[in-house]
Amino acid sequence: GWHKWKLGWLDAAQVHCASARGTREYTLTPLARAGGTKLVFVPLDARSGYAVELRTREGNDESVCRPGVLIYKVDADVDTGMGPVEVYDSRRDSGGCTRSPNVHAELSDATFTPGETFEDPRHGVKVTVAGADLKGDHRVRVTRR
Numbered sequence: 025g026w027h028k029w030k031l032g033w034l035d036a037a038q039v040h041c042a043s044a045r046g047t048r049e050y051t052l053t054p055l056a057r058a059g060g061t062k063l064v065f066v067p068l069d070a071r072s073g074y075a076v077e078l079r080t081r082e083g084n085d086e087s088v089c090r091p092g093v094l095i096y097k098v099d100a101d102v103d104t105g106m107g108p109v110e111v112y113d114s115r116r117d118s119g120g121c122t123r124s125p126n127v128h129a130e131l132s133d134a135t136f137t138p139g140e141t142f143e144d145p146r147h148g149v150k151v152t153v154a155g156a157d158l159k160g161d162h163r164v165r166v167t168r169r
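Residues 25 to 169, numbered by my numbering, are exactly what the sequence shown covers, in order.
Honestly, the hints are just simulated from the structure, not real lab data. Since we're looking at a predicted model, the values are computed, not measured. Virtual Cβ for every residue (Gly too), placed ideally from N, Cα, C. Be a bit skeptical, because a hint or two may be false.
Computed spacing ranges between beta-carbons, pair by pair [stated by the list, open to error]:
{"hint": "1", "residue 1": "46", "residue 2": "146", "range": "31 to 41 Å"}
{"hint": "2", "residue 1": "159", "residue 2": "70", "range": "29 to 39 Å"}
{"hint": "3", "residue 1": "154", "residue 2": "103", "range": "14 to 24 Å"}
{"hint": "4", "residue 1": "71", "residue 2": "32", "range": "29 to 39 Å"}
{"hint": "5", "residue 1": "155", "residue 2": "82", "range": "16 to 26 Å"}
{"hint": "6", "residue 1": "83", "residue 2": "109", "range": "16 to 26 Å"}
{"hint": "7", "residue 1": "104", "residue 2": "158", "range": "31 to 41 Å"}
{"hint": "8", "residue 1": "102", "residue 2": "158", "range": "31 to 41 Å"}
{"hint": "9", "residue 1": "155", "residue 2": "81", "range": "13 to 23 Å"}
{"hint": "10", "residue 1": "158", "residue 2": "99", "range": "18 to 28 Å"}
{"hint": "11", "residue 1": "41", "residue 2": "155", "range": "30 to 40 Å"}
Let the hints inform the model, and build the full structure from the sequences given.
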């Protein structure tokens, strides 16, 4: 989602910025499907923030072993190749769910599923996966203090 937005492959209607205090809910749709919200960005400062997107077994992600909401921090001050993206793993030290080539096994099951929450107490940010519908769209609730 982040790189597609950065490259101009997502239009403004597909990206939402969760910068205001309070709680807001968004419905994420798979990147492989036309229309709908593809990315929610939660800014931390002028150069970094959390990207929230949905990964499902569709399109380029057809081999995803654990569909769900991927949450990662993007830091524009870090050069490409030096780790500008940090993925948050909902199942730390699990070993992952795939051994496919070109996949970081530990992060292959990093996605958050309904009922799971990512929290950053330092920045007052909480992202909860509130649910999923029969089409595979996921509702996420973003709370900012």
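Going down the list of hints, with the structure as the test:
no.: 1; hint: 46 / 146: 31 to 41 Å; verdict: violated, 19 Å
no.: 2; hint: 159 / 70: 29 to 39 Å; verdict: holds, 36 Å
no.: 3; hint: 154 / 103: 14 to 24 Å; verdict: violated, 35 Å
no.: 4; hint: 71 / 32: 29 to 39 Å; verdict: violated, 20 Å
no.: 5; hint: 155 / 82: 16 to 26 Å; verdict: holds, 19 Å
no.: 6; hint: 83 / 109: 16 to 26 Å; verdict: holds, 20 Å
no.: 7; hint: 104 / 158: 31 to 41 Å; verdict: holds, 38 Å
no.: 8; hint: 102 / 158: 31 to 41 Å; verdict: holds, 39 Å
no.: 9; hint: 155 / 81: 13 to 23 Å; verdict: holds, 19 Å
no.: 10; hint: 158 / 99: 18 to 28 Å; verdict: violated, 36 Å
no.: 11; hint: 41 / 155: 30 to 40 Å; verdict: violated, 22 Å
Checked against the numbered hints given earlier, the structure breaks hints 1, 3, 4, 10 and 11 and satisfies all the rest.
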